[in-house]
Amino acid sequence: MNDRRRVNGPPGGTRPPVYASLLQSGTGADTRAQRQRQPTDLRKIFLKTGLIPSASGSSYLEFEPSASLAAARSNPKSLIPPSSALKLACTVHGPKPLPRSAPFSPNLVLTTHVKYAPFAARKRKGHVRDSSERDLGVHLETALRGAIIAERWPKSGLDITVTILEAEDDRWWGDVPDSHDASWGMMNVLAGCISAASAAIADAHIDCLDLVSGGVAALVSDDSTDSPSALPKLMLDTDPAEHRSIVSACVVAYMPARDEITELWLKGDSSKVSTADGDQRSGHEALIDGAVDAARGAHTVLAEAVRESLQKTLGQS
Amino acid sequence: MASTSTAAPAAPNSLSLPPSQFARLQPHAYLLAHLSPPSSSNQPSIRANGRAPSQFRVTSANAGSLTHTNGSAVIRLGDTTAVCGVRAEILHTDDIASWSVSQSTNANKRRRIGESEKETETKDEEDRAHIEDLNLLVPNISLSTGCAPGFIPSAPPSALAQSLSHQILSLLHTSRLVQAEDLRIWYQPPNLGPEEVQQHNDEEQMDLDAGANEEETKPAEIKAFWVLYIDVMLISLAGNPFDAAWASVLAALRDTKLPKAWWDVDNESILCSDDVKESQKLSLRGLPISSSFCVFEADAAAGWRAVVIPDAEEQKVQDSKHSSQQQKWILADPDGYEEGLVQERVYVVVDKEEGKTVIVKMEKLGGWTVDSEDLRHLVDISAQSGTPSESHIDHEPHYYQHHLANDGTRLKKTFSADLFEKMTSRYSRAIKTRRRGSQVPAELYYTPRAHQGEMVSNNNPASLTRHGWSVLQFPTTLMRPDHPQSPVGCFDWCRSAPTALIHHISLGRFLRTAAHRGLPGKALLVELCRAFDWLAMGGNG
Amino acid sequence: MVGLTASLSNLSRSDGSASYKCPATGYDLLGAVNAPIELPARRDALKPEEATVEVFVKPGNTTAGVGERYVEGILRSVLSKIVLGRERGFPRRGVVITLAIVGGETVDRGDSYLTILPALLHTSLLALLSAAVPLSMTFSATLVGVNKSGAIITDLSAVEAKAAASLHVLAFSSKNHLLLNQSEGRFDFDIWEQVRDRALSICQGMTTPGPDGDIAMGDEADSSRPEGFVRETVEDRLYKDYSWKIDSI
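These protein sequences, in sequence, are chains A, B and C.
With this note's numbering, the residue at position 206 of the first sequence is 206, and numbering never jumps.
Heads up, this note's numbering is the position in the second sequence plus 317, with the first residue counted as 1.
Heads up, this note's numbering is the position in the third sequence plus 858, with the first residue counted as 1.
Next up, chain A with everything else stripped away, as it sits in the complex (with noise of 0.2 Å):
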């Protein structure tokens, strides 16, 4: 069916360009994407506000690409990518009247949207919203809906738009799809939008409680033996794309201030895990203290950055 209000491609339809190295040599396990960081260590990040003058708060984030990405863009060898690095764009439209037909609210109504661009993932994404974006801007609402202080705000409206322009692959490319598959690069991008859209509140002037941030952790069996004994480890801000298997994978939205967890997201098997001698935890508890450890992280850089916006704003003045 035709969208009449954008431009179309062929009616036919158009298939996506298949490598012939993929199909001679299955993958080249020597080319893929290794993580070179500590378990501990986070990618960093590059988060700045204010870029969208249009708007009332905006703000820009980056993660760092990983090693092989940095490599393989500083040296092209293959037009493939072997992963890439979260970019995103969000703004905050608001406080602003509620449209006429809204119903009355003592609280402010916040409304997300988060929305991929075309060609931000390996599969060339449509224009309209799918239920995985739709999924991620409810996630993004329930993050932030605890941390804006909804009261001082009757009868208005706060719009939150964030724009991926490169999202995280949800495996290694040359993989298929496993059991444990899922969209574990979803849970990436949350983490991006969550603590993207705190600074873009912070830099619209948007009273909150603290500055919440996204983290991600993840249960990771990274061992090509496959012996079943090898219990998954736990990672901090884990690139799908560089690990062979991820097992489970946990997202909060973190309140460093009042140790307080606005929204977690947890999926896949988080019973088995390995852990240092004497430690009693269990894989999930693991798994939502480690992705809390991640947003800490992030809140530091989230708290420059808001810094950084409110001494452009007093020098302005």
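For the record, the hints were derived by calculation from the structure and aren't laboratory data.
C-beta: ideal position from N, C-alpha, C; glycine also.
Misleading hints may appear alongside valid ones.
Stated by the list, open to error - 25 Å max Cα-Cα, derived DSS-like pairs, lysine-lysine:
id : chain 1 : residue 1 : chain 2 : residue 2
1  : B       : Lys-594   : A       : Lys-123
2  : A       : Lys-77    : B       : Lys-645
3  : B       : Lys-669   : C       : Lys-1020
4  : B       : Lys-633   : B       : Lys-577
5  : C       : Lys-1006  : B       : Lys-440
6  : A       : Lys-44    : A       : Lys-312
7  : B       : Lys-633   : B       : Lys-645
8  : A       : Lys-96    : A       : Lys-312
9  : A       : Lys-44    : A       : Lys-233
10 : B       : Lys-594   : A       : Lys-77
11 : B       : Lys-574   : B       : Lys-440
12 : B       : Lys-669   : B       : Lys-574
13 : A       : Lys-96    : C       : Lys-905
14 : B       : Lys-645   : C       : Lys-905
15 : B       : Lys-598   : B       : Lys-577
16 : C       : Lys-1020  : B       : Lys-440
17 : C       : Lys-879   : C       : Lys-1020
18 : C       : Lys-1006  : B       : Lys-669
19 : A       : Lys-77    : B       : Lys-598
20 : B       : Lys-669   : B       : Lys-598
21 : B       : Lys-440   : B       : Lys-673
22 : B       : Lys-598   : B       : Lys-574
23 : B       : Lys-673   : C       : Lys-1006
24 : A       : Lys-123   : B       : Lys-669
25 : B       : Lys-440   : A       : Lys-123
26 : A       : Lys-123   : B       : Lys-577
27 : B       : Lys-574   : B       : Lys-535
28 : B       : Lys-673   : A       : Lys-77
29 : B       : Lys-540   : A       : Lys-123
30 : B       : Lys-440   : B       : Lys-535
What the hints assert, rightly or not - Stretch by stretch, here's where chain C covers chain B in the computed footprint (C-beta under 8 Å, at least three residues):
id : stretch
31 : 480 to 490
32 : 672 to 684
33 : 688 to 700
Claimed, not checked - Far from chain B, by Cβ distances over 10 Å, these chain C residues were calculated:
id : residue
34 : Ser-872
35 : Gly-947
36 : Gly-962
37 : Ser-970
38 : Glu-1042
39 : Val-1092
40 : Ile-1104
Chains B and C: place on chain A using the hints.
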């Protein structure tokens, strides 16, 4: 009008409003005051944004920063930012309904032509036929990015976005920027030597071969086309979206690399090589640069009641008489504030061809003050403005990573390792203390909640079942014991019944430690597991 | 532009309407105008001191797409400058113009709208006149092409338009102001000036009203000029509507 205009810019003391408020209340007068300062003050006529009337905003561009694209570019035109990504996909000729019919007629035409001049003409014709009729270029502009307050993110494309998409497409077609030959994937039927087969994708080579072996070889046939999906996300809109969008499309197309592709007889499909060395850049025809202008009139509404609007010639004479008082200003590259104050717009797209300026598109609408002299002037300005931005795109390094921030402060926010160490150690202390004190509160209670389609869809129970899980879903709302009206969180989760593994939890807000008045987080999870077990056992355990 | 035919007020339920046929290009258009009417749906977008001009273009065979949005924008900007939207009864209300393309070549995806633009402009002008919407001036428009050898061609058919090196649509007001210019293709400014002069002579022709308001009628060439054509169509209608009065004198 005259009195306010003299007072506004220079002497705020005679006016009780600060300039920023004046700008909002009386935008027209504010801009007019900037453009026509009193002759006594000796100030130059500048726009409210500090630019001279024919001055463009600083443009910065960089290409190739997005991973999943064949070509990408980010253009910042002042505060307007456009991100363009080009994705190439393959259109098999088998998927084109009318292909075999149109192909045979084209082939006939091709064979008949002898002279070179006619050949270029038919080549043009064929280019047009392929690119335009087969929809090989698919540009779309999205304004639903929260780029400006007026655009609702979830709404379908606005009229502006739609007409911008059309303008880009139409300009791509009329400027014939992309050559159809770059988009064709050829196949040479295999009665040639192996070395020629390898090169059958290369058009020139192929033509030579075809010329040399006219008699004994079958003509090469087109097996597929590349379709370029050109998507522009306007991240920030502060006036002049067309120039920004077009510049980003242009820069992204210049950055676009298409992999080498061939028809694989065994697989009956098109295969590509992922080798960067074998990929080819698009060869674009020219570099059309677009410039937009708007015409600001001293008093746009003055003429509306005049029964007789003077003839064009008379008006010219009148204007020259009153030359001391300028009545209109042509503003280059208008920002959002200026765009709201004008009706008449001029769009010029120029290209250079053998040193000469060629106009590719010229559009003027919304008023009657601009005529040929002004247009000539504007074409000249556009031709000049084209040069710097052209060089800009050329010299910008590829693979510049942090593209939206143009100040070069990249990745300066890093974690200091010891800080993180401190953090985690403090945190593990917190865990220990909490673990000692945590208790499962007895007053927790659950109420089944109406199924929220949005939340549950991410559980994706269907896929879980496919993977051998038996899924139970349990959407509940957990109430706070001290405050029964306020839900603490919403839970959606699945657990596989036989192995009692939690597979998916999605929770709302809750407090992690018992130190706060809310619920202890971990205790809550334990409680949830208990509740689930209770449910799994049929609710009577 | 030879043999243009048009008639006014064909539709009984709209405030004004016009049908327009251009045999050279085969376009057959029907325009309807409702003005001034309330637009409750866009109460927030209405301007307090002016009328809001809305234009809708309906292609003959499908629903409107991106190309129609674009041409609607062009028409809106031209017409909102012509309509005296500050007259009594007009501010805060809408002037809604609906143009249906009944016959002729369909405009394909990504094609320029230039070939049909003069017809759309004339139809909307006639419909506005039929609805007695106050206008500051009338106008006429024409399509001029330049072929590959640099010669200016007028009265283009669809095939000629496809083959032309550049296409230009120009609209001039009854007072010789350049109201609209849409040019695409490859050309330089000197060619454009020639095109402009040619278009001006087509649009105005010899039929500009003399100083006494008389029109030189009866000349065979007159009806081929769009400007004279607009005037004649309106006069025909007036003559028909007031025939009872004229006859009684």
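Structure-based check of each hint:
Distance restraint check for Lys-594(B) and Lys-123(A): the Cα-Cα separation of roughly 23 Å lies within the 25 Å cut-off, and the hinted pair is therefore satisfied. In summary, the hint linking Lys-77(A) to Lys-645(B) is not supported, as the alpha carbons are separated by about 56 Å, beyond the 25 Å threshold. Taken as a hint, the Lys-669(B) and Lys-1020(C) pair is honoured in the structure, with Cα atoms around 23 Å apart against an allowance of 25 Å. For the hint pairing Lys-633(B) with Lys-577(B), the CA-to-CA distance comes to about 59 Å; that exceeds 25 Å, so the pair is violated.
Simply put, Lys-1006(C) and Lys-440(B) have alpha-carbon atoms about 15 Å apart, close enough for the 25 Å limit, and the pair holds. For a cut-off of 25 Å, the pair hint linking Lys-44(A) to Lys-312(A) stands: about 23 Å separates their Cα positions. With a C-alpha separation of about 13 Å, the suggested pair Lys-633(B) and Lys-645(B) falls inside the 25 Å cut-off, and the hint holds. Restraint check for Lys-96(A) and Lys-312(A): the C-alpha separation of about 24 Å stays at or below 25 Å, so the hint holds.
Annotation: proposed proximity of Lys-44(A) to Lys-233(A) holds, straight-line Cα distance about 22 Å (limit 25 Å). Straight-line distance between C-alpha atoms of Lys-594(B) and Lys-77(A) comes to about 7 Å, which keeps the hinted pair within the 25 Å bound. Only pairs whose Cα atoms come within 25 Å are accepted, and Lys-574(B) paired with Lys-440(B) is accepted, the gap being roughly 23 Å. A distance of roughly 24 Å separates the Cα atoms of Lys-669(B) and Lys-574(B); the hinted pair therefore holds under the 25 Å criterion.
Of the pairs offered as hints, the one joining Lys-96(A) and Lys-905(C) holds, with about 20 Å between alpha carbons and a cut-off of 25 Å not exceeded. Using a Cα cut-off of 25 Å, the hinted pair Lys-645(B) and Lys-905(C) holds, with the two alpha carbons roughly 23 Å apart. Of the pairs offered as hints, the one joining Lys-598(B) and Lys-577(B) holds, with about 10 Å between alpha carbons and a cut-off of 25 Å not exceeded. Pair hint Lys-1020(C) plus Lys-440(B) holds up; C-alpha atoms about 15 Å apart against a cutoff of 25 Å.
Between the alpha carbons of Lys-879(C) and Lys-1020(C) the distance comes to roughly 21 Å, so the proposed pair stays at or under 25 Å and holds. The suggested pairing of Lys-1006(C) with Lys-669(B) holds, with an alpha-carbon distance near 18 Å, which does not exceed 25 Å. A C-alpha spacing of about 15 Å is found between Lys-77(A) and Lys-598(B), which places the hinted pair at or below 25 Å, so the restraint holds. Annotation: proposed proximity of Lys-669(B) to Lys-598(B) holds, straight-line Cα distance about 21 Å (limit 25 Å).
This hinted pair checks out: Lys-440(B) and Lys-673(B) have alpha carbons roughly 24 Å apart, not beyond 25 Å. Proximity of Lys-598(B) to Lys-574(B) is assessed by CA-CA distance (about 4 Å); at most 25 Å being required, the pair is judged to hold. Taken as a hint, the Lys-673(B) and Lys-1006(C) pair is honoured in the structure, with Cα atoms around 17 Å apart against an allowance of 25 Å. At roughly 37 Å between alpha-carbon atoms, Lys-123(A) and Lys-669(B) are farther apart than 25 Å, so this suggested pair is violated.
Taken as a hint, the Lys-440(B) and Lys-123(A) pair is broken in the structure, with Cα atoms around 34 Å apart against an allowance of 25 Å. Straight-line distance between C-alpha atoms of Lys-123(A) and Lys-577(B) comes to about 20 Å, which keeps the hinted pair within the 25 Å bound. Restraint check: the Cα-Cα separation between Lys-574(B) and Lys-535(B) comes to about 30 Å, which exceeds 25 Å; the hinted pair is violated. Simply put, Lys-673(B) and Lys-77(A) have alpha-carbon atoms about 39 Å apart, too far for the 25 Å limit, and the pair is violated.
Taking the CA atoms of Lys-540(B) and Lys-123(A), the gap is about 23 Å. The hint holds against a cut of 25 Å. The straight-line distance between the Cα atoms of Lys-440(B) and Lys-535(B) is roughly 20 Å, inside the 25 Å bound, and the hint therefore holds. Here's how the stretch 480 to 490 of chain B fares: 9 of its residues keep a CB closer than 8 Å to some CB of chain C, so the rule of at least three is met and the hint holds. Under a criterion of three residues with beta carbons nearer than 8 Å to beta carbons of chain C, the stated coverage of the stretch 672 to 684 of chain B is upheld, 12 such residues being counted.
Check result for the stretch 688 to 700 of chain B against chain C: holds, 5 residues qualifying (beta carbon to beta carbon below 8 Å, three or more required). Chain B leaves Ser-872(C) outside its interface by the beta-carbon criterion, the shortest separation being 23 Å against a cut-off of 10 Å. Its beta-carbon lying about 15 Å from the closest one in chain B, Gly-947(C) satisfies the requirement of being farther than 10 Å from that chain. The Cβ of Gly-962(C) sits about 19 Å from the closest Cβ of chain B, beyond the 10 Å cut-off, so the non-interface label holds.
For Ser-970(C), the requirement that its beta carbon stay farther than 10 Å from each beta carbon of chain B is not met, with the minimum near 5 Å. Glu-1042(C), annotated as away from the interface, has a beta carbon of chain B within 10 Å; the closest lies near 4 Å. Against chain B, the non-interface label of Val-1092(C) holds: every CB pair exceeds 10 Å, the least being about 19 Å. A cut-off of 10 Å between C-beta atoms confirms that Ile-1104(C) is not in contact with chain B; the least separation is 26 Å.
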